[in-house]
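Undergrad: Residue numbers (the numbering used here), protein chains in the order written: chain A, 648 to 1086; chain B, 648 to 1086.
Derived from the structure by calculation, the hints contain no laboratory data. In this text the structure is predicted, and so the values were computed from the model without any measurement. Check before you lean on any hint, since a few could be wrong.
The list cannot tell twin chains apart, which means a pair is met if one copy fits it or any two copies do.
Claimed, not checked - Listed below are the simulated BS3-like cross-link pairs for lysine-lysine, each with C-alpha atoms no more than 27 angstroms apart in a straight line:
1) Lys659 / Lys992
2) Lys992 / Lys677
3) Lys677 / Lys990
4) Lys1013 / Lys659
5) Lys704 / Lys927
6) Lys877 / Lys1013
7) Lys706 / Lys659
8) Lys990 / Lys659
9) Lys927 / Lys992
10) Lys704 / Lys677
11) Lys1013 / Lys768
12) Lys877 / Lys1057
13) Lys768 / Lys659
14) Lys990 / Lys877
Protein chains: 2
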Amino acid sequence: MLRAMIQIEGNKPLRLGIAGLGTVGAATCKVIADNQDLLSARAGRAIEVVAVSARDKSKDRGVDLSGVDFCDDALALARHPDVDCVVELIGGDAGVARQLVEQAIANGKHVVSANKALVAKHGAALSAAADTAGVAFLFEAAVAGGIPILKTIREGLAANRFTQFAGILNGTCNFILTAMEREGRDFDDVLAEAQERGYAETPPDLDVDGWDAAHKLAIVTGLAFGVKLKMDAMHVEGIRRIAAQDMQFADEFGYRIRHLGITKQSEAGVMQAVYPAFVKQDSAFAGVQRVLNATYVEGDAIGSLFMMGPGAGGAATASSVVMDVVDLAAGRAAPSFGVASEKLKEAAFLDMTSHSGAYYLRLHVKDEDGVLADVTGLLREHSIGVERVLQDADEATQTAQIALITHLEKEVDIQAAIAALNQADYSINDVHMVRVAAI
Amino acid sequence: MLRAMIQIEGNKPLRLGIAGLGTVGAATCKVIADNQDLLSARAGRAIEVVAVSARDKSKDRGVDLSGVDFCDDALALARHPDVDCVVELIGGDAGVARQLVEQAIANGKHVVSANKALVAKHGAALSAAADTAGVAFLFEAAVAGGIPILKTIREGLAANRFTQFAGILNGTCNFILTAMEREGRDFDDVLAEAQERGYAETPPDLDVDGWDAAHKLAIVTGLAFGVKLKMDAMHVEGIRRIAAQDMQFADEFGYRIRHLGITKQSEAGVMQAVYPAFVKQDSAFAGVQRVLNATYVEGDAIGSLFMMGPGAGGAATASSVVMDVVDLAAGRAAPSFGVASEKLKEAAFLDMTSHSGAYYLRLHVKDEDGVLADVTGLLREHSIGVERVLQDADEATQTAQIALITHLEKEVDIQAAIAALNQADYSINDVHMVRVAAI
């Protein structure tokens, strides 16, 4: 079935109801007000905020909301007679946000959302509902903030069969890792600073344990490979284990450490994973500093495309929210996942046992004669070749850190070797492993 | 007036007539054949090549053209009854390419083109003609090869008021500069290699003198600022003057040299210029190696977005050609320059006398006492402050190279100072100046 293009009648204004007036909501109102002339020229019609909802009506958000209908109940926007499109900026994969999106679609209203958790968990169902209702469901702002990566994959690179995507999708993790790298500080210390600066939430789990990036990656997977989103099969690893010492060894080996979301498609299936990874110092990812995000896409025609920009912040995220709104107003809203929802396939998702690549291992061992030989011997028994080794002995404690980079090996072999190393009587702590990215 | 969305009837296939079967033309046919299933799912209809034209029918291009109507005369495509969209891959701003595009539009056919010279010189008129005829005129492949920069500016960042764009828009120049940088070789030497590898044309003037980048920059200017394209006011400088010595001094000062196209909008007007520039070694542009292209856009909502990808090559350029085709087939072709052609403004274009920034100057002087003091004294008389100086004396010739980086100064002051320095009796050659990019 051919999906009908979504058209707003004649050249009437597109009327928005914005749910949530936090940083992004207020910035969205501001962009629409500041750039009214440009937006209407680009969209071919005016864009108007006619209704909003937020917890506190009286709060000064630096935007003029006079003449805008203030609804105490966000769900009122889903049935508001003057609203063509609900902009959901509440967040969370359940509760009011989900109800609002579902009800708005059911009531024939278009929806623009910045809600990564909601889209990651219910995106396939919501896009099917939107197709059935003949409305648009767009969520550029859910992934990589201001970088229009979803539009780029869905449209800008529509000629391509995609093979791989990798991205720095969480600004908090990148801020922490790059501060550790530059200043030699420890994770906890930098996390505290990030929380003070407002770059990290309290508690920081969603960011530093990788779940925020995982939600974004699931969305990219669905879009790039035309498959139904699944969070289940995803390997998710955060950055808590990265120590100042790993930064030093990485530097000596010619690498930086970045928190990546990687999704790949092969004959065998789709593998999506989020983890801290070694990237070469001259790679584009190594140049991504502080709270920036970055994306890298591989396709059969283009080869690869790298993008870098702000992954968060009110105005940058509003840039993506308003982009979706302009597309909708211009009558060029694409299907949520690039194809009609009924064409999304059920993919076979692979777990990390299918992974292979180079690995960084750091062992804290007793500083005794023959330990390094024992370690490399044990690795050889597990068919693991060592490319480079560094050793750092501490005379006071009579212990040593052994850091090494392996050849390209299989994850199963590495895991088996790590289990064996952890049992060795010279091992003081469990082996610390970080994957080396092939990008 | 609201521009009507361009729709192909029902879900009939979109039928293409491709003019020009060189590297890009053949790659376009291949991408369409290889990714048929994906393209029709993404476009909501099939995409078919029904006619082609090229000089030599018998040449093997590695693509199956059986069943495709081969026209000896490219202009036949403009009146071909089965062609919905003409894909113009001939090139050149006059002759057959221009006639084909004009006639196709006049006959109510959509046009997708990769022709930067044609669009730079006649883009405003052609987009007006396309609007009048109710057809699409799209040319993503004309700028930065596979990087979908036009779509990104026009749609992905549609929320933004743009202030500045900078790009590495010519892969040949970037190949030459980065080879000179890495290998310490001279311009002529690397150019010869680039010609052997097929990275540079013979003669190489269009690339190394900056005109190819200038055409691309004019297109970006029109799109980003919503103004009628003009090539007249543009400052265009190539890379022939860059010497191995400049690379060394740049390195010592902490910079790389890249050939940039920069366009800015301010209250006073639009300034577009193409020139080699010093960029900081830790800037994203410094990481752009070999034939890659890169783009940097500043907007009021996003802040900035950087993109890097292949700027040339058959498959990468075909990625952009086919993107436009998919947009057209999906019914979401946007206006050529982002807004209806009648809304494009006449901009005031500024020349380089309005430029200000830091400058690198290299002087070849007699190695005599007091010359450096004379040079800095003369600069001071022209209100020019010096931030850093390096000197490299050659005992054999009793001459010296003085290299310096100025503070932020006005172009008019710099030009006056250079004229005075060129007159000084200690100057052996004219002063060599390279601007320092603020990005």
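Undergrad: Please work out whether the CA atoms of Lys704 and Lys927 approach to 27 angstroms or closer within one copy, between two copies, in both situations, or in neither?
TA: The answer is neither: 50 angstroms in one copy and 47 angstroms across copies each exceed 27 angstroms.
Undergrad: Could you figure out if Lys992 and Lys677 sit no more than 27 angstroms apart (CA to CA) within one copy, between two copies, both or neither?
TA: between (39 angstroms within a copy, 25 angstroms between copies)
Undergrad: Cα distance capped at 27 angstroms. Does Lys877 pair with Lys1013 within a copy, between copies, both, or neither?
TA: For Lys877 and Lys1013, neither the intra-copy (44 angstroms) nor the inter-copy (72 angstroms) Cα distance is at most 27 angstroms.
Undergrad: Classify it for me, Lys1013 with Lys768: is the Cα-Cα distance of at most 27 angstroms met within a copy, between copies, both or neither?
TA: Answer is neither: 46 angstroms inside a copy and 72 angstroms across each miss the 27 angstroms cutoff.
Undergrad: At 27 angstroms max between alpha carbons, let me know whether Lys677 reaches Lys990 within a copy, between copies, both or neither.
TA: Result: close only across copies, 24 angstroms inter versus 37 angstroms intra.
Undergrad: Quick one: Lys704 to Lys677, C-alpha cut-off 27 angstroms, is that within a copy, between copies, both, or neither?
TA: Classified as within: same-chain Cα gap 17 angstroms, cross-chain 58 angstroms, threshold 27 angstroms.
Undergrad: When no copy is named, should Lys1013 and Lys659 be tagged within, between, both, or neither for a Cα gap of at most 27 angstroms?
TA: Answer is neither: 75 angstroms inside a copy and 73 angstroms across each miss the 27 angstroms cutoff.
Undergrad: Check Lys877 against Lys1057 for me: Cα-Cα at most 27 angstroms, and say if that holds within a copy, between copies, both or neither.
TA: within (24 angstroms within a copy, 57 angstroms between copies)
Undergrad: Pop the pair Lys768 and Lys659 into one bin, within, between, both or neither, using alpha-carbon distances up to 27 angstroms.
TA: neither (34 angstroms within a copy, 35 angstroms between copies)
Undergrad: Checking Lys706 and Lys659: alpha-carbon separation at most 27 angstroms within a copy, between copies, both or neither?
TA: So Lys706 and Lys659 fail the 27 angstroms test inside a copy (31 angstroms) and across (53 angstroms) alike.
Undergrad: Please work out whether the CA atoms of Lys990 and Lys877 approach to 27 angstroms or closer within one copy, between two copies, in both situations, or in neither?
TA: Classified as within; 16 angstroms inside a copy, 45 angstroms across copies.
Undergrad: Between copies, within a copy, both or neither: which fits Lys990 and Lys659 at Cα up to 27 angstroms?
TA: Answer is between: at 19 angstroms across copies they meet the 27 angstroms cutoff, but 32 angstroms inside does not.
Hints 4, 5, 6, 7, 9, 11, 13 from the earlier list are contradicted by this structure; the remaining hints agree with it.
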